[in-house]
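> Each chain is listed here by its residues.
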Amino acid sequence: MSTVTFTFDGKQYTGQKGESLASALLRNGVLHFTDSSYKDRPRGVMGLWVEEPNALVNIDSGAGEPMVMSTTIEIVEGVVARSSQGVGDLPDTRDNSRYDKVNRHVDVLVVGAGTSGLEAAKKFADQGKSVIVMDDKPTAGGHLVYLGQPVPPELLSVLDRENVTFLPRTTVQGLYDQGYSVATERRTDHLDVNVHTEMSRIRTWHIRADHTVLATGAFQRHLVFANNDRPGIMLSHAAATYVSNGANPFRAAVVVTVDNQGYRDAVRLSQAGVTVNAIVDIRNNPSGPSVEAAKASGIQIITGKTAIDTCEKEDGTVKCVSVGNPDGTEAACVDGDLIAVSGGWTPVVHLATFIGIKPTWDAKLAAFVVKHSDSLTSTAGMLAGDFGDDDEAAIFFGPKLSTEQALVAFVDYQRDATYRDFKRAIDAGMRSIEHVKRYTAIGTAHDQGKTSGTVTMGLIGQAIGKAPDEIGSLTFRPPYISVPFAALAGRDRGLLSDPERTTPIHSWHVASGAPMEDVGQWKRPWYFPMPGESMHAAVLRECAAVREGVGVMDASTLGKIDIQGKDAGQFLDLIYTNMFSTLKVGMSRYGLMCGIDGMVFDDGVTTRISENHWLMTTTTGGAAKVLDWLEEWLQTEWPHLEVYCTSVTEQISTVAIVGPKSRELMRRLAPSLDVSNEAFAFMENKHVDVAGVPARIARISFSGELAYEINVPAIYGLHIWESVMAKGADLNITPYGTETMHVLRAEKGFVIVGQETDGTQTPDDLDMNWIVSKKKDDFIGKRSFSRADTARDGRHQLVGILADDGSYVIPEGAYIVAGADEKTAPPVKHIGYITSSYDSAALGRSFALALVANGLARKGEKIAIPMADRVVTGVITDSVFVDKENTRRDG
Amino acid sequence: MLHIPCPYCGPRDETEFHYGSEAHVAYPENSANLTDEEWAKFVFIRSNPKGWMAERWVHSAGCRRWFNVWRNTINHEFGPSYKPFTQQPKSPA
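Protein sequence lines correspond, in order, to chains U and R.
If you're matching positions, the first sequence starts at 13 in the working numbering and goes up one per residue.
If you're matching positions, the second sequence starts at 46 in the working numbering and goes up one per residue.
Please note: incorrect hints may appear among the correct ones.
Listed next, the stretches of chain U that the computed footprint assigns to chain R, with coverage defined by at least 3 CB atoms under 8 Å from CB atoms of chain R [stated by the list, open to error]:
1. 186-195
2. 647-654
3. 782-794
Calculated directly from the structure, the hints in this document are not laboratory data.
In this text, all values refer to a predicted model and were calculated from it rather than measured experimentally.
Quick reminder that beta carbons are idealized off the backbone N, C-alpha and C, glycines included.
Here chain R stands alone, though its shape is the one from the complex (with noise of 0.2 Å):
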């Protein structure tokens, strides 16, 4: 089970959070304007790295706030975690 550092509360257990997948996809402004395929990029197609990656938490039996957090898909090891809209810290690798 992870150990997941809400910038809100502290570390947690796992079992209080959702995911929220890659962190930084911002919602179109504009999206009747968008091609089929730069909406279907928007959609359903994220970066999923081998490695250091930007991902959104929700802190939901907790403070049920949104964050933004590094962790290592290989190894499962979290960085710095970040609200959302802050400066985002440089990636651990």
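So here's chain U without its partners, still in its complex pose (with noise of 0.2 Å):
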């Protein structure tokens, strides 16, 4: 061991490298390490790894990370360490070091490297298995470790062989599903107090495996007396371990124990130099090999009595005990610089928890304890209730108190919750843990509950007299211990946290300076500013290009499907809600789908290429979803019909280009095609040559204008856009995106699957009757549509909204209430919702679409929308703003 320096609460000491900061300051005679979170009394450490309830601290060396256990930090050089009042902070510093991922299919995982752990790994060893051995400490031997003894070497040497992996510092935060686990090693921590940026600081692991093996030990639990949180009143495990190992302040303790493990304390702190005054024993005959150690070295033993309350000293450090009988009668001070503490082993049941196997209650032992063993899963060691032969402990977890007492008595020590806390809820009826812990906040701190879970069991227990096993079970979730976001991340942080989309002209989207709207995982340009530009001035300059001159449009995100064979029209039918089969080669319909409930699932434009070979495109954000739903009806409900589909989105290349200029445009760029109307009608398809390269032109419009949308192997995408904007620079090409791609469409009435609907609108209610064929035998989404609800009067139907103050853009999503007259205070029964909203070129005023019930009978009335500050008014009118006859179409 190597001596190292070390700061806390701005303070140098020195320790030893490797020692827990907890065992440091206590070598260094630190007691008091914090001010608990709500009653700022004065905290030492209690414990001896993470169940450690009080002593947490916020480190700001190396990479800095708030509210950690400090007897979980192994010290290095130069550590830097301040006391935590329960709430942490976050360093404002980019924490630069690495974390990484590895996942992991394996036999068996073994989560504790203590006798029991490395007996199932020897086991499975043996067996020829391939077995992940993890332990949260930095080394292997449990229990062995803590009391200074060897390791069996015919253990420990398991962890040498072949197939078996050991990661020690790793952290088994969630057990799942299958076999399947996430776990986090700390790499670096311990060598130095860099920032790590070759080799990372915390790594997560994804463990899949046949078969775990849960031995994961179990802490010591405290007992609730009055003023039980005075820094020197310690778990005894964890002061005799402290001691043993060199670590002492203390010359005088009193152990109070339940158990035996009392008594194996008290031996220890004799052992290590500090006078044991007494061991006080709740239990009236103990006995058991431990018992005679104690008395054989001397040691005073009062039986039948237990710790009342305790004394500080002038600097808040405990100084004597008071022991009594349990009922708080009889009591008489005992002196002690330590009060040791051994309330009973709490099993770490949490994992076998986290995937819902109820631990059970072993009242010899006094603990919740899993003895489990299935295909997936199974127990060992103390978890499995396997203590040893000399751990007859009592049923008991506190005195009676007094009010005052009660005061001061506490059950969960982070949160500063006491026993006058816990008493309220049982008095206000609580019985259940879950009950008390939600009143109470016992439980809900960063440990949650490791310590106090199951003492609130055993009082709620004690105070209405059931056996804690009547009262309900442990229950946790993960995480195990709170793990930094940055460690689940891993490498996933900024460009890599999510897969982004972008098609092939997107550089020169980029290189425009457009602002990016995110769709999905795809990156859209939002719009083109000028330099100077508002976004407002840009969409309303790029809507009156395109009604007036000539916008270019990159249509390439929308979702294609590739549908092939000689059922695929026969199918398109029961899909879509109008008729496909029909259409002739060459030609493009618009098409709505339904789920069967009725309600509008997609929409998009097919296209019949040949006989037997279709098109779809479906909505950007629908693709997928859309593939997945053909895919389900073709294998599970109609595997009889030939039909072959594919994903072609990000194989074929859109450039729409749009507005009255268009066909002089489209002329440029194939001379050869006849782009007048009667050679190339709206909904028809042309393939033919664009700027070199194989094209088909289709003559789709959605914003009501005459366009052209250029489709193009994907590889040429950028070539035909440039191309575009080259022979379309006299005619004052303007480039626009989505934002000015929704206003023309709005202005039209043309909706948005997902904007004007939620999937609570039939094709009806969207005023798209006109879409439902009455000649189909069936369809998807048919029968629904006389459903007496989907029938009803009183729907929500799609209709546009003026507001009176045409300089003024109503929020989309406000509620609409009926009549410009009638008193908008509340209670007002609201008739529908604003669904898009626009500041209109064309309009030369703002304009809305919204949803409103029986809206298409209503057009014309007034309504009111009150917000915040005001009350709007306005009026229902048709949904399409401009060109109701359709005349722009063909330009």
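Take the two lone chains, each set in its own frame, and fit them into one complex as the hints suggest.
Here it is, written out as structure tokens:
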């Protein structure tokens, strides 16, 4: 062991490299670590490991980390720590450490490298299985390490086998279905305080194991007596371990126990040079080897009594403990600057409860244990109730307390929750642990009740005369200990946090300075501002250019599904509400899809390329969902149909040129093409070379204007876009983004699935009855249109809304109430809501689309929209605002 | 995360799949002749058992094929999986 220098609360100390920060502070005589979160009471370290409820610190050195248990920090040269009063603060500098992930399949995962874990690992390794052994401590051996005893070499050597991987400092944070677990491995903090950029600081393991052995051991728990939180009051196993390792600020101890563990720890304390003034045992007739050993070493044993209260020294640390009967009578003080409490063992049942295995109460051990074995999961060691033969515990959690005493008898230290708080919950009628927890906040701090959970259940039992297992069961949720988000994210940060999909033309959009809009995972240009131009001005300019000249839009993100097979037409007739099998080759048709409930699901234009070859387009966000939907029907309902579907979204690039001048531009781009309305009609497709590239051109319009969509293999997308920009320069070709596209389609009353719909609109609701075939025997959704609820009066229907103040753009989502003259003070029944709302260049004013109850029959009615600061009045209109007669689409 | 036995690809992580609700609920051939109640039963009502249930999954990020599989809704244990329109294996119960 080498000596290192570290800083705690601004003061320098020395400690032994690798010992815990808590141990090093005790070695330096520091007992008062921090003050409690809510009541400012001085607190020291209670525990040995992650059960610690008090001694939290913020780490300011290295990568920095808030709210870490000082019992788990292995100190290295230069560690800087600050005591934390329950609330952490994040470092405001960027953490440049590396974090990483690894996935592994393995035959057996053993959680816990104590004796029972190592035995399990040996058993499976002997069978030739691949085994991973994980332990959250720096070395294998479990309790033996704390006791300073050697781990049997025949067990330890199993970790060196070729088919065994041992991962120390690795915490299994969650165990899930079918042997899936997630663990975090701390790899650098114990080496030095440097920020490591070459090696990951924390590596997250995703393990799928055929079998998982839980050998997670146990934590000691405390007892609830008055002033049980003073520095110097510790769990006995923790105190004995610190002291045995030379971290000994104590002179005299009193051990308060309910089991034989207290005796073993008393002997260890005594051997380490602490005078044990007494062992106070709640049991009347303790027996067993540990009791005999303590008697032999001459320690005074007081039976049938327990701790009632404590006194403090001037510095707030403990001075003595008053010992009396469990009903609080006959209390007398026994001196000790260490009060070592052994309240029984609580096995670490967390991982078992994560997958729904219920712990059972073992009255002999006074503990919840998990004795479980099936093909996926088994338990071993203390978790399975193997406490050795010398540990019959009393079922006892604390003495009877006066009201004053109850105010300072702590159940959950980190939450400052006292026996008084607990009693109030019981008196209010709470009986279940789940209710008491929520009433008192017990078990909700960083430690999630590792020590206080069983204590609380025991106290409820004591209070109402039931056994702890009649109160409920311990239930925990991942993660097992708090875990930095950075560890879970690994390298999936920034650009890598989610896949980004971009079109072949994306680089042009970026170079033009267009802000991007996220549409699913797609990055789409939102608008193309001129230097210094606002979004509002840019969108009005783009809209006007399309209506009066020519605009160009990258429509490559639309979902595209290639559909082939002799039954494709019949299939599309079943999928869409309207007829497709009669569509002529070379023509396109707009179609609407519904679910079996009759609600609009997706829409798009589908083109018949040849007799048995179709190309379906879907909404940008709906492509994957629609492909799954088509496959579902083909594979599970109509396998007799010969139809094949393939996603070609990323194989085809689509450039739409839109506006009255698009015909002239199309002529220039494809001189061999007759672009006259007679030769190339609306919804027709032509195959022709454009700028030297084979293209399919479709007369499709999402704006109401004359438009041509140029479809080319994706690698030519940018080439076509640049050709369009070059040939259209003197026509003032104007690139436009998603915002202008939305405004233009809304002016025409074209819906966007997902904006005008939320899964509760039928085609009728959207005023699209014209698209529902009356000729077809059946299609998906048809039968539901005549259901009572879908056919009822009063459904929300698509309409337009014009605010009386044309300069006001009503917020989308705003609620609409009937009648401008009626009172708008609550309660007022709303009749609908705004789905789309924009300022319009074509109208010279604002407009909106809305879903309004019985809206189609209410056109012309006055409405009001109550906003936070004003009431906006307006009128219900038709949903088509521009070119109701469809005269513009032919140029 | 579930480990789902695709009958085509073998066991794979849940993230590769999408759920398709209860298996063997066929689309009615004569929907026009069904009463509202019969139709609503097909659209909205599923058996939702506590215990073993035959259900549909699609291996979206794998072979893209739909299949059926027995799953215990209490502890998420999987029984045998099988291809559509093949003999259903007996419930593991």
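> The structure should be examined with respect to each hint, and the outcome stated for every one.
Hints versus structure:
1. 186-195: holds (count 5)
2. 647-654: holds (count 4)
3. 782-794: Per the Cβ count (3), the hint holds.
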